[in-house]
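Chemist: The primary structure of each chain is shown beneath.
2 protein chains.
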Amino acid sequence: MKTIEIYDTTLRDGVQDVEINLSLTDKLRVAKVLDDLGVHYIEGGWPGSNPTDKQFFKEMQNYELKHARLAAFGSTHNPKHKPENDANLKSLIEAKPAVATIFGKSWDLHVTDALRIPLERNLEIIKNSIAFLKPHFEDVFFDAEHFFDGFKENRDYAMAAIKAAFDAGAGVLVLCDTNGGTLPDELRSICDVVRQELPEARFGIHTHNDSDTAVASSVEAVKAGASQVQGTINGYGERCGNANLCSVIPALELKCGGEYRCLPEGKLSHLTTVSQFVNEVANLRPFLRQPYVGRSAFAHKGGIHVSAIQRNSRTYEHIKPSQVGNEQRVLLSDLSGRSNILEKAKKFGYKLDREDALVGELLAELKDRENRGYEYSSAEASFELLFYRIMGWSKRYFTPINFRVTDALMQGEEVMSEATVMVKVRGQVEHTASTGEGPVNAMDRALRKAVERFYPCISEVRLTDFKVRVLSGTTQASPGTASHVRVLIESADKDSRWSTVGVSHNIIFASWNALVDSLTYKLFKDDPRKWPNHKS
Amino acid sequence: MKTIEIYDTTLRDGVQDVEINLSLTDKLRVAKVLDDLGVHYIEGGWPGSNPTDKQFFKEMQNYELKHARLAAFGSTHNPKHKPENDANLKSLIEAKPAVATIFGKSWDLHVTDALRIPLERNLEIIKNSIAFLKPHFEDVFFDAEHFFDGFKENRDYAMAAIKAAFDAGAGVLVLCDTNGGTLPDELRSICDVVRQELPEARFGIHTHNDSDTAVASSVEAVKAGASQVQGTINGYGERCGNANLCSVIPALELKCGGEYRCLPEGKLSHLTTVSQFVNEVANLRPFLRQPYVGRSAFAHKGGIHVSAIQRNSRTYEHIKPSQVGNEQRVLLSDLSGRSNILEKAKKFGYKLDREDALVGELLAELKDRENRGYEYSSAEASFELLFYRIMGWSKRYFTPINFRVTDALMQGEEVMSEATVMVKVRGQVEHTASTGEGPVNAMDRALRKAVERFYPCISEVRLTDFKVRVLSGTTQASPGTASHVRVLIESADKDSRWSTVGVSHNIIFASWNALVDSLTYKLFKDDPRKWPNHKS
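The listed protein sequences derive, respectively, from chains A and B. Numbering of the first sequence is given in the UniProt record's numbering, commencing with residue 1 and proceeding in unit increments. Numbering of the second sequence is given in the UniProt record's numbering, commencing with residue 1 and proceeding in unit increments.
Keep in mind the hints are simulated off the structure, nothing from the lab. Some hints could be false.
[Unchecked claim] 27 Å max Cα-Cα, derived DSS-like pairs, lysine-lysine:
no.: 1; chain 1: A; residue 1: Lys-367; chain 2: B; residue 2: Lys-54
no.: 2; chain 1: B; residue 1: Lys-320; chain 2: A; residue 2: Lys-152
no.: 3; chain 1: B; residue 1: Lys-346; chain 2: A; residue 2: Lys-320
no.: 4; chain 1: B; residue 1: Lys-134; chain 2: B; residue 2: Lys-152
no.: 5; chain 1: B; residue 1: Lys-66; chain 2: B; residue 2: Lys-82
no.: 6; chain 1: B; residue 1: Lys-367; chain 2: A; residue 2: Lys-58
Since the model is a prediction, treat every value here as computed from it, not as a measurement.
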């Protein structure tokens with residue numbers, strides 16, 4: 001089995017993504033998680049380009065990595081300087097990582113048009129930069145920027161650039177499809193040439209997804225002999241992003257006949273968690289259709305598919321979701337019907353018959369709610385409550401009577417939010433008021449004031465996410481602010497996380513409904529006596 | 001040049017996507033747009049499976065398509081019936097499309113485990129179903145479900161299944177990677193076998209993106225001789241989606257040496273608009289990093305890239321954005337700096353010097369606002385207003401003084417929203433009030449009441465989208481309802497669309513700020529006298 005080195009550049013190329021801004025703390029947290037996952041290299045940033053990255057390397061000097069080696073990124077030296085006077089190279093050395101990775105030009109167009117120096121001078125710069133860095137690091141890698149575009153236009157020059165790096169002692173020659181424009185078959189045949197002409201060199205692959213083929217290209221390069229793959233978690237990166245490591249790693253480990261190993265034994269199943277973690281730190285909405293690790297990657301909506309996977313999951317799943325730490329999801333929708341409901345019921349411990357009247361009732365209720373804009377596939381706690389209500393669960397921990405929220409701007413820059421809430425708890429009417437940072441926060445606080453006195457466990461609930469989705473498309477006469485709004489609230493306590501949903505044309509009322517469901521679900525799940533009459 | 005037929009299944013396989021629900025009207029609108037784009041086939045739905053699809057085909061009988069032929073989807077007949085008594089086959093005939101596409105089993109596992117019939121019987125069913133349909137359609141296509149998985153496990157049987165379809169007269173044998181688990185190189189070699197063993201058959205390719213390689217696989221299949229590619233706009237579809245036609249089409253037309261043609265002359269440049277349109281109808285948040293047609297596909301954030309593309313756009317762009325109807329975007333961010341500002345200024349007609357004090361002022365202001373959560377890359381109207389303010393534009397069409405919004409639930413199911421607004425317009429203080437469907441709608445109406453009397457053109461503004469983003473990640477002590485909130489509002493009048501942004505910890509105040517910017521921008525852009533002192 002051949003080890004393919006995973007070189008993660010989420011913290012460097014990934015943060016070039018339009019949607020990403022990471023603080024120093026964010027970067028440190030991500031680095032630790034990548035190390036736990038067991039990647040071979042973590043490219044932490046470009047210390048010569050900004051203070052956050054400089055500080056990152058400083059802080060990392062006090063942290064002992066378990067698996068990974070830390071790499072810093074930079075460029076070949078400025079044509080006007082000597083290596084020893086180049087601030088960029090010096091900042092790499094000051095950063096003290098195990099590895100320095102420098103990029104240099106291998107496309108003649110960039111040498112003449114961007115650097116504006118003679119072609120020969122660029123080869124010298126590559127050589128001198130690497131030779132200068134070598135003694136200061138365990139290893140120096142060379143990113144051959146635009147290698148494939150360069151090869152297509154001036155093959156000899158592109159080859160001369162990587163040969164210069166090789167001769168100067170670069171440990172890995174990283175072939176970069178910087179613009180992401182090369183299709184996998186062409187990329188493969190170029191890699192074959194490199195392998196043939198430089199059989200003794202180790203080479204790596206760095207692709208971008210502009211042609212929607214970065215993962216396929218990375219796999220092809222490995223098959224052509226590349227021993228290192230560079231990419232990012234979730235495919236973040238400038239323009240269309242980098243090769244997505246969450247897809248490359250499982251392809252190599254699970255789909256190439258057991259020929260390649262990327263992560264330490266047992267780590268592949270952490271991939272989904274890592275993907276979600278990085279997404280959360282970057283504060284991005286997850287891409288549901290993301291292969292392998294996405295929330296929909298093993299989600300089944302069509303009725304036919306659902307009945308088939310219930311018999312044999314191989315029928316509609318290319319791998320076992322658990323291999324990458326993901327899970328199968330059976331969705332509720334009018335396309336699916338009874339099979340899905342039965343599957344959910346089974347999960348809650350009910351063996352219902354297909355023709356049971358309760359199944360029909362639940363289906364009708366769901367259909368009605370979906371028509372009103374409810375979406376239960378991402379609000380499973382709300383669905384669970386609805387399910388038990390229809391199964392006859394009638395306990396009410398508290399009953400909302402009314403609320404009022406006011407937001408007012410008074411000749412200043414700041415707005416005051418105040419909520420009053422009236423709820424009945426254990427037969428008593430509680431009337432509470434609170435201000436808040438925004439109307440939903442004010443309602444949340446007022447509602448907790450009313451309920452917490454009776455149920456102290458409410459204090460453990462934290463609201464971890466709050467999402468708003470406007471539902472109408474362009475089909476309505478007046479979309480925009482008069483549209484229906486769906487609010488999803490994600491909550492957590494020390495043991496678990498749950499999501500609830502509320503829908504209304506009023507964003508405040510939708511939030512209120514999701515809040516009420518969230519607190520109810522907390523009380524429900526912690527309640528040892530939730531079933532006074534039936535079911536133990 | 002070889003024509004590759006594009007078979008769009010957005011309206012059938014695409015709607016299996018977790019996030020998609022299309023109404024009848026939505027489907028009709030999308031069909032017309034696909035026809036304008038010039039795809040060869042539009043698979044409109046599965047008339048035997050639900051009433052919306054049945055109605056869709058009925059309505060389409062009155063509509064004359066310019067380019068495309070309409071296809072209906074169904075399955076081979078039920079093993080218990082004869083073809084002539086099979087409701088599913090009959091519903092295809094009743095739908096009266098030009099083409100019927102039926103799927104059948106080609107993986108022995110599915111025949112024995114899902115259908116539970118002898119292998120030989122399945123071949124008969126394929127043959128009889130196609131033979132029965134043939135006389136009723138211009139063409140009948142056979143979707144060989146799970147062809148690649150079947151081929152890998154029982155090659156002879158998979159081949160026998162497509163041969164049965166071929167013998168019965170299927171016009172195209174569509175090889176389906178239903179589970180999306182086959183990597184492009186393996187898929188290519190299987191296609192090569194099919195080509196060799198059935199040289200006289202026309203074949204097509206239908207892939208899913210579970211391995212993140214659906215586009216690469218589709219291109220490989222075409223190179224192996226496939227003359228039809230099935231896929232969906234934006235790659236919608238169950239689990240990880242189908243092959244994304246917005247990536248497959250440009251790859252074939254622009255990246256294969258001019259060997260293939262997919263769309264009528266001049267239509268490729270409509271691709272971005274079509275992608276956006278379908279996204280809008282489906283009411284989904286666009287995937288920014290989507291190759292070719294995504295909003296970030298040609299967006300440059302890093303300072304080095306920005307200066308290079310200003311010299312020669314080939315340096316960091318794999319194709320000309322205009323070839324697919326997209327455009328280059330230069331983003332504002334602290335990674336980028338002055339080059340980006342100068343580029344924007346140029347767009348607004350200002351030739352600023354790199355060292356101009358105004359550039360520094362603008363950069364500082366932007367940095368400060370970005371730290372507070374503003375995001376101008378998707379709120380270009382707000383940026384334009386900010387830009388002109390800093391350039392000295394001081395006109396105020398109206399000045400907000402204060403507002404108050406109340407939402408109250410009073411022992412009922414519905415919430416009342418009421419806003420009062422006080423603004424100064426042309427020296428007069430206007431104090432207005434309005435109810436609304438939700439607090440933002442109430443504010444919008446009250447604000448318009450105050451301003452419209454002085455500026456009647458305000459009545460032309462429609463709010464077309466309203467998005468809310470909660471900004472804090474998990475790094476804050478108490479995220480969720482106490483987080484910062486960014487509101488983006490998209491507005492339109494008869495000529496144009498613009499986006500504005502507001503940020504606050506209070507969702508209402510953030511919305512208010514975005515609303516104020518939206519109306520201000522409308523007045524600004526329509527104002528022939530916006531420059532009283534300088535610039536004509």
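Chemist: State for each hint whether it applies.
Modeler: Right, here's what the structure says about each hint:
1. Lys-367(A) to Lys-54(B): holds (20 Å)
2. Lys-320(B) to Lys-152(A): It holds: about 18 Å lies between the C-alpha atoms, which stays within 27 Å.
3. Lys-346(B) to Lys-320(A): violated (53 Å)
4. Lys-134(B) to Lys-152(B): violated (30 Å)
5. Lys-66(B) to Lys-82(B): violated (36 Å)
6. Lys-367(B) to Lys-58(A): holds (25 Å)
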